Amino acid sequence: MKSSTKASPAAKQNKKTESKDEFVGGQKNPQIATLESLARLIVEEAALQGATDCEVRLGTSESVDITVRLGSVEQLEGAQSRGVTFGAYVGQKSATTSSSDLSKPALRKMVKDTIALAEASEADPYAGLPEAHHLAKGVPDLGLYDPNIAAIKIEEKIKLALATETAALKADPRITNSNGASFSDGGGITVYANSRGFLGSYQGNYCSLQVSVVASEHDEMQVNYWGHSSRSFKSLESPESIGKKAAERALRHLGARKVKSQVVPVVFDPQMSARLIAQFVGAAQGRSIDRKSSFLLDKLGQVVASSHVTIVDDPLMPGRVGSRPFDGEGLPLKRRNIVEQGKLMTYLVDAYAGRKLKCEPNSSATGNLHLLPGTQTPEQIIASVKNGLYLTGVSGPGFNAVTGDYSMGASGIWIEDGKLSYPVSGITIAGNILEMFSAISAVGDDLQFRAATNAPTILIDKMTVAGE
Amino acid sequence: MNIIATPESELNSLFGLSYAQVQKVLGDATKSSGGKNAFCDIFFQAGSSQSIALDQGVIKNTSGSTVNGAGVRVVVGDKTGYSHTDHVNVTNLRRCAGIARAIIEHSSGVDNVPLASGGKQHNLYPVANSPVDADLAMKIDILKKIDLFCRAHDPRIINVSTSIVCEQNDIIIATSRGDIFLDRRPLLRLNVACLAQEGNRRENGSSGGGGRLDFEVLLAEDYWRDHALIAAKQAIDLLAADPAPAGVMDVVLGCGWPGVLVHEAVGHGLEGDFNRKGTSAFSSLMGEAVASPLVTIIDDGTIADRRGSLNIDDEGTPTTRTVLIENGRLVGYLQDKQNASLMKAALTGNGRRQDFRYAPMPRMTNTYMAGGDHSQEEIIRSVKRGIFASNFGGGQVDITNGDFTFSATCAYMIENGQLTRAVKGATLIGNGPKALHNVTMVGNDVALDRGIGTCGKNGQGVPVGVGMPTIRINGVTVGGQS
Chain A
371 MKSSTKASPA AKQNKKTESK DEFVGGQKNP QIATLESLAR LIVEEAALQG ATDCEVRLGT
431 SESVDITVRL GSVEQLEGAQ SRGVTFGAYV GQKSATTSSS DLSKPALRKM VKDTIALAEA
491 SEADPYAGLP EAHHLAKGVP DLGLYDPNIA AIKIEEKIKL ALATETAALK ADPRITNSNG
551 ASFSDGGGIT VYANSRGFLG SYQGNYCSLQ VSVVASEHDE MQVNYWGHSS RSFKSLESPE
611 SIGKKAAERA LRHLGARKVK SQVVPVVFDP QMSARLIAQF VGAAQGRSID RKSSFLLDKL
671 GQVVASSHVT IVDDPLMPGR VGSRPFDGEG LPLKRRNIVE QGKLMTYLVD AYAGRKLKCE
731 PNSSATGNLH LLPGTQTPEQ IIASVKNGLY LTGVSGPGFN AVTGDYSMGA SGIWIEDGKL
791 SYPVSGITIA GNILEMFSAI SAVGDDLQFR AATNAPTILI DKMTVAGE
Chain B
968 MNIIATPESE LNSLFGLSYA QVQKVLGDAT KSSGGKNAFC DIFFQAGSSQ SIALDQGVIK
1028 NTSGSTVNGA GVRVVVGDKT GYSHTDHVNV TNLRRCAGIA RAIIEHSSGV DNVPLASGGK
1088 QHNLYPVANS PVDADLAMKI DILKKIDLFC RAHDPRIINV STSIVCEQND IIIATSRGDI
1148 FLDRRPLLRL NVACLAQEGN RRENGSSGGG GRLDFEVLLA EDYWRDHALI AAKQAIDLLA
1208 ADPAPAGVMD VVLGCGWPGV LVHEAVGHGL EGDFNRKGTS AFSSLMGEAV ASPLVTIIDD
1268 GTIADRRGSL NIDDEGTPTT RTVLIENGRL VGYLQDKQNA SLMKAALTGN GRRQDFRYAP
1328 MPRMTNTYMA GGDHSQEEII RSVKRGIFAS NFGGGQVDIT NGDFTFSATC AYMIENGQLT
1388 RAVKGATLIG NGPKALHNVT MVGNDVALDR GIGTCGKNGQ GVPVGVGMPT IRINGVTVGG
1448 QS
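As you go down the protein sequences, you meet chains A and B in turn.
Going from the first sequence to this note's numbering is simple: count from 1 and add 370.
Going from the second sequence to this note's numbering is simple: count from 1 and add 967.
The hints are simulated quantities; they were obtained by calculation from the structure and are not laboratory data.
All values derive from a computational prediction rather than experimental measurement.
Backbone N, C-alpha and C fix where the C-beta goes; we use that ideal spot for every residue, glycine too.
Be aware that one or more of the hints could be misleading.
[Said to hold, decoys possible] Calculated lysine-lysine pairs in the BS3-like style (CA-CA distance at most 25 angstroms, straight line): (1) A:K630 <-> B:K1401; (2) A:K628 <-> B:K1401; (3) B:K1111 <-> A:K662; (4) A:K630 <-> B:K1351; (5) B:K1111 <-> B:K1200; (6) B:K1311 <-> B:K1087; (7) A:K669 <-> A:K713; (8) A:K662 <-> B:K1200; (9) A:K662 <-> B:K1112; (10) A:K529 <-> B:K1003; (11) B:K1111 <-> A:K726; (12) A:K614 <-> A:K789; (13) A:K726 <-> A:K704.
[To be verified] Only part of the chain B face toward chain A is listed, based on derived beta-carbon distances under 7 angstroms: (14) V1025; (15) T1029; (16) S1030; (17) S1032; (18) T1033; (19) K1046; (20) D1053; (21) I1070; (22) G1360; (23) T1372; (24) I1396; (25) G1447; (26) Q1448.
Please build the complete structure, drawing on both the sequences and the hints.
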């Protein structure tokens, strides 16, 4: 279990409404028609009330979360949510408001209040919706809804969670405690419409299973977890596999110690590698480039990584966790290479950034972002390292997207003579992300699609480890 | 004419419900529980927020949001059922109660009933008008002044990003023990970030502050100018900063926000839930020496106007001042109702939640280290070679093994007792039950942060305060690049 504190730039508003983007899909149901007609009503109402342009996002969602701990049910949660976010433009002035009240009188009032808020604000010459010809022409069916998930009975969900925890607890006598196992599922509908003629909707659902357990020996405790989220119940990783993996991950950190400060090669496991890819690609946002707040400024078309690195964004993959048929502005999505054999191919440009950077928008959203696999097995990569770190965990906020400076708390397994030797913790790893990407000398063949960003094992030739 | 609001009158005006209707839902949620003691509470929230931002010299999209919802919780011993609705009416509350009470059949036989919230509600933030309703033109004016001030500070400042976020939440909590509580919570936040450029090098500096304050506070020129100056100066200083060194060294932490150390190294590990379950690195250490005798750590939700303060927690319990570590010895945990009843401990007023969509957990409020004898200058002078860090991005902790990490955005080398040059990118790492044994000097300048912290736990964010005097810690691992 990890907890964090940060100086957040601003309170995140209406988190639940936003996160409905996760519940994408393709099957029509009567609720979609109702939400679509509400969206049309809002767009019409906004024009009547004096908005020169507007956009609206409506969504409903349902979720069930079941947690078991030490062999019995600990927490049951079930909820239905709904929400609306409406953006109005009055010339170049704009405002956005959100609420969970979808009654017609409340929606009319929301339109009126939002327009008033826009009028009271100031003009931004670059504000505005995408041009009509930039908008998505159709909504592809990505197969994001699995009726088998909706049909799972609560008893079955409890059984799955219990089996997962049992598998973890029974894996080894040193697994002595549990933070619980949980099965969650949910689904929802997202409708997006704007005054430039776009109306699109999609439905989707997901299920997930995870467990967190404590390994202990002498006075030491190490916690770790494993889990899987899927849009298809059939392809959800089995309770036995998840439980065993969680136990292994906790056990392998028992006896962790510090190492001396030194400069060494670092092998990133697939989770750590995916996290690094997400940090890198985050800096390619057109808005950050425009604000000169990115280490990728002035790097378009240039070499930003070693030739082993090709990073692909592919939101239209059928049935994946990160899939969606169109983006948050109604822009179309398609497969694209963000980095190709080390060269930065594109920035991620929304309508606003497009106007500022004087280029065509291509969507700022990514989905199923991944690093293309190489040819070596993870074992071969580890075997190639004489003395170095196999990184399995990082902590802290130590990444600066303006400069690319990277300094994180780290834990993992020390590699000696090509073999995983002993666990380490209480150390840090540091470098500059551009130098780190140039030093990627091997990419594993172990790419799996498990999350919104995915990557195989990678080897970075040189990083500073601080320890004793 | 102002009619004094009561929980019952607000239930009616904000949610269109009578207290009798709510009592019926609470009663039905807990009846026929097979001889087990079940507890139910309903958390109602009616809130609004507004955010306005200036970037690259222009006012960006202004945004507002309203929430109106309720969460129904049923507790039987160590089991919890929870459901929420964002469309509050009797039908939906009954539906939620039906889902939440399904937990009763899973009771393990333990059925300690959560304690009633005793004591008097505080009045820590008597703000007459919601900051959300303050005039938009005034907010825009402040942002523009900040933009001009920062750009005038140094021509190398090439962008200013600044925002004001205001919130107001009216909270009503009704329980099956017959309690009903009302709290009105304003929250204000100013953020300033400056981007400085020299040649091809760019650095970001930031500052921010706020609290449960009247909007008028932001109008004072001293207030916003202070934050603008800190952000601008930090960005400029970083332009000349070298990479931080890597290795073990003595570290001096400045007062205020560096108290994030206390929050991560100690605070989370003392939350009741982890200790009841035995998953905290502090689980078996009650009464033991877990820090140097110079160290006393307190969680205090009762400080006026503060971001982390509450008149009552999110279960209706008045917040308290809880000593967690006294002269180095572990003496207290932070509790919510469920964990306090299971651990047979007193309530501390730390049951908090992000909003009505979530069940409460033990959470910190304002957590700080008490002051000592030394001046900051004395402490810096005592170090032969080390770093002085006064500004941090934030931190993280693994509660079970106690390893914590926090990252300095800007720090300075100390050489022979003098601050010599700026360094950047220093991550500090340590272990909770061990690191504070190495505190060798504690300053007399205890201060809380300026009101910028958000704490994340199990996916829920809540506003918190942290604080500390200047302290010296020996032998900290600093993770720089050089």
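- Can you name, in rising order, the numbers of the hints this structure does not satisfy? No hint contradicted; all consistent.
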